[in-house]
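Number of protein chains: 2
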Amino acid sequence: MEKELNPSMFIGVGGGEIISFGAGQPDLPPPKEIYDVLHNAHNNFRYGLIQGNENLRAALSKQYPGSDKDDFIITNGASEALDLVLRVIGKGGGKVLLHKPYYYSYPPLVRAAGLEPVYTETINGKIDLADFKEKIKDCKAFLINSPSNPTGRIQDVETLKEIERITKEREIILISDEVYKDMIYERENYLLSGPQVVTINSFSKTFAMCGFRVGYLYSNDKSIVKNVIDLKTHTSMNTNTLAQEMAYVATTVPKEYLEKGLKIWKERRDLICKGLKDMGLDFWKPEGAFYVLPKVDNPKKAVLELFEKHKVITYLGDWFGAPGRIRLSYALDKEKIEEGLKRIKEYLGK
Amino acid sequence: MEKELNPSMFIGVGGGEIISFGAGQPDLPPPKEIYDVLHNAHNNFRYGLIQGNENLRAALSKQYPGSDKDDFIITNGASEALDLVLRVIGKGGGKVLLHKPYYYSYPPLVRAAGLEPVYTETINGKIDLADFKEKIKDCKAFLINSPSNPTGRIQDVETLKEIERITKEREIILISDEVYKDMIYERENYLLSGPQVVTINSFSKTFAMCGFRVGYLYSNDKSIVKNVIDLKTHTSMNTNTLAQEMAYVATTVPKEYLEKGLKIWKERRDLICKGLKDMGLDFWKPEGAFYVLPKVDNPKKAVLELFEKHKVITYLGDWFGAPGRIRLSYALDKEKIEEGLKRIKEYLGK
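First to last, the protein sequences are chains A and B. Taking our numbering, the leading residue of the first sequence gets 5, the next gets one more, and so forth. Taking our numbering, the leading residue of the second sequence gets 5, the next gets one more, and so forth.
Next comes chain A alone, as it looks inside the complex:
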């Protein structure tokens, strides 16, 4: 039974009576403008540039000071961007530092690239700089994710600046997975930058188009960009060209779309935090993204019973290097969050 417990059993599952606090995907609608691309499509379906559509890369470069459109590669979601860059830097092996808890795909991706994952523990979800400095010493790269999936925590700007400084000085590759950068409740995003930085991002979360799989990689390191393009030429070729056109339209959407979304996410965050607190559960307050990671007794039993008896999907903390906890994604409307909380309360017998 334990053997069968893994995230892929829940991905794409839902509907009906099920309340899913599982997969991390927005339920809010995507910008309506991106449907126009579909409805007016007369696309010829031919191969596109491996690196990605030029207009999309040009639009992205406006969002990153000092960047050029040729510093970007459009990928099948942030997942592929991460996989490709790890495979490129993986030649000859080495260690990649991850902060715990981590997104569940990180260790398998690091290992699949021939690299070894090593870990720095966090304190209440915040990177412990003393431990970081010790662990980073013999690493080839550091993979940071702020806001974090699964904790929803962001790293302090001072911490980010120090990490930026150390990795630059030691020429350690700093991979920054910023797929939740537009979903921070507490402050503006601090964009990690420098010659050592590889930024990973996606349209999935910001524009609610997860199933369309458009992400990207940005780096000023021309050798990394070239090697990723060369690899992608063989492993998947261009990213779906129509999805790229939709992503381009998403870059032109007024800022209000994001602001409106953020307000809703914050309300939901407050709602779920109150509910969990009322049940007496211990958790770190999410500052971004849409995840919360409470402690529960016997988490494996909790995930299975919540699914089988209460039709509530939650993810096991163990998958994220967070034993003793379960992850809840609150990308659901208020009514569903309330119903889900009610069922969790029933499970807990409170």
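If you are wondering where the hints come from, they were derived from the structure by calculation, not from laboratory data. These figures come from a predicted structure and were not determined experimentally. You may find that some hints are simply not true.
[Claimed, not checked] The calculated DSSO-like cross-link candidates involving lysine-lysine, where the alpha carbons are at most 27 Å apart (straight line), are:
(1) B/95 with A/99
(2) A/230 with B/264
(3) A/95 with B/338
(4) B/338 with B/36
(5) A/36 with A/66
(6) B/130 with B/315
(7) A/95 with B/99
(8) B/289 with B/346
(9) B/299 with A/226
(10) B/281 with B/259
(11) B/165 with B/141
(12) B/104 with B/73
(13) B/349 with B/281
(14) B/130 with A/230
(15) B/278 with B/299
(16) A/36 with B/36
(17) A/349 with A/338
(18) A/230 with B/315
(19) A/172 with A/73
(20) A/304 with B/226
(21) B/99 with B/281
(22) B/130 with B/165
(23) A/144 with B/315
(24) A/289 with A/299
(25) B/338 with A/304
(26) B/130 with B/270
(27) B/104 with B/278
(28) B/349 with B/299
(29) B/104 with B/305
(30) A/95 with B/144
(31) A/270 with A/226
(32) A/270 with A/259
(33) B/230 with A/315
(34) A/73 with A/226
(35) A/305 with B/99
Use these hints to put chain B onto chain A, whose structure you have.
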């Protein structure tokens, strides 16, 4: 200059005065029905199943006797299917046998998966069973591509049956890249099958939707299927859900669509063969797909000068393990083929 000569410099390039015998993509229109999916799209853009949409897998399983929908995984083109299966079987290393000339992505994909490519030479593009039997002995897998990119040659049914028998007996994985299986001029396709077979296919060529990147993998080996899904969960998640809906519609298109296409491909094959023959070039007659691989003097100079001076894209035989040759894709209308042939004649000074 030589350093810069690689396929990615030409992919997605074209238009204007350029005649491209480069990338292998049909110019014929896709089935008109698949546009309806776009024009009526009210897709919610959410994550799909990692393994792929159920209706698409069910439709595919009807095309493969003895298969079940759960034996299929929908991927970002055949490229990703191949990359994933090689990565899965790559654990612990080993050798993969390729027949020469080969599709240019094969050796890099094999190496990127931690495996070593080894080669069996062909005679006039046909597998030499004596050499095959010798080379296969210490291999983990054989990757076959019939009809072949870049030769357009098909393997004899007797040869295919013998390869099927030997690999089954020795429990060697037989990866069959059949993306051109619906484009054979000489006979019906012979579908390699058995517990050792992993079939790779795509909607790109058959239905002219290359840029949409929908391919698939089919295997009766449950462990391979499971491991590929597990890997894809981390490396790219689901394949674009809307592209999968379009692929599903493509499976429902009347057979006439393919028959009509095949007639056109055959006419073009005859046209280009006549043109090349009239110039006195030596080549193997293509029996499927839409490639021809003539011998030329100084192929590097030919590819560069044809592009720079005559605006004709051709691919270097070296990329395919075919020194002394260049590859021409004849996925072009007759007028363009004729114009392209004229320019090649000019280049040759004939």
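Pair hint outcome, residue 95 of chain B versus residue 99 of chain A [Cα-Cα no greater than 27 Å]: Between residue 95 of chain B and residue 99 of chain A the Cα gap is close to 19 Å, so the pair holds against 27 Å.
Given hint residue 304 of chain A paired with residue 338 of chain B - CA-CA distance at most 27 Å: 64 Å, violated
Given pair status - residue 226 of chain A, residue 270 of chain A, alpha carbons within 27 Å: Given pair residue 270 of chain A, residue 226 of chain A is violated - Cα atoms ~38 Å apart, limit 27 Å.
Agreement of residue 281 of chain B and residue 259 of chain B with the hint, judged by alpha carbon distance not exceeding 27 Å: 33 Å, violated
Hinted pair residue 104 of chain B and residue 305 of chain B, Cα distance within 27 Å: 23 Å, holds
Agreement of residue 230 of chain B and residue 315 of chain A with the hint, judged by alpha carbon distance not exceeding 27 Å: The hint holds at about 25 Å.
Straight-line alpha-carbon gap residue 95 of chain A to residue 338 of chain B, limit 27 Å: 46 Å, violated
Satisfaction of hint between residue 230 of chain A and residue 130 of chain B, Cα-Cα up to 27 Å: Judged against 27 Å, a Cα distance of about 36 Å means the pair is violated.
Straight-line alpha-carbon gap residue 349 of chain B to residue 299 of chain B, limit 27 Å: 14 Å, holds
Restraint status (C-alpha distance of residue 36 of chain A to residue 36 of chain B at most 27 Å): 25 Å, holds
Distance restraint between residue 130 of chain B and residue 165 of chain B, which requires alpha-carbon spacing of 27 Å or less: Status holds; Cα separation ~14 Å.
Holds or violated: residue 99 of chain B to residue 281 of chain B, with C-alpha atoms at most 27 Å apart: Violated. Residue 99 of chain B to residue 281 of chain B sits at ~38 Å, over the 27 Å cutoff.
Hint check: violations occur at hints 2, 3, 6, 9, 10, 12, 14, 21, 23, 25, 31 and 35; the rest are consistent with the structure.
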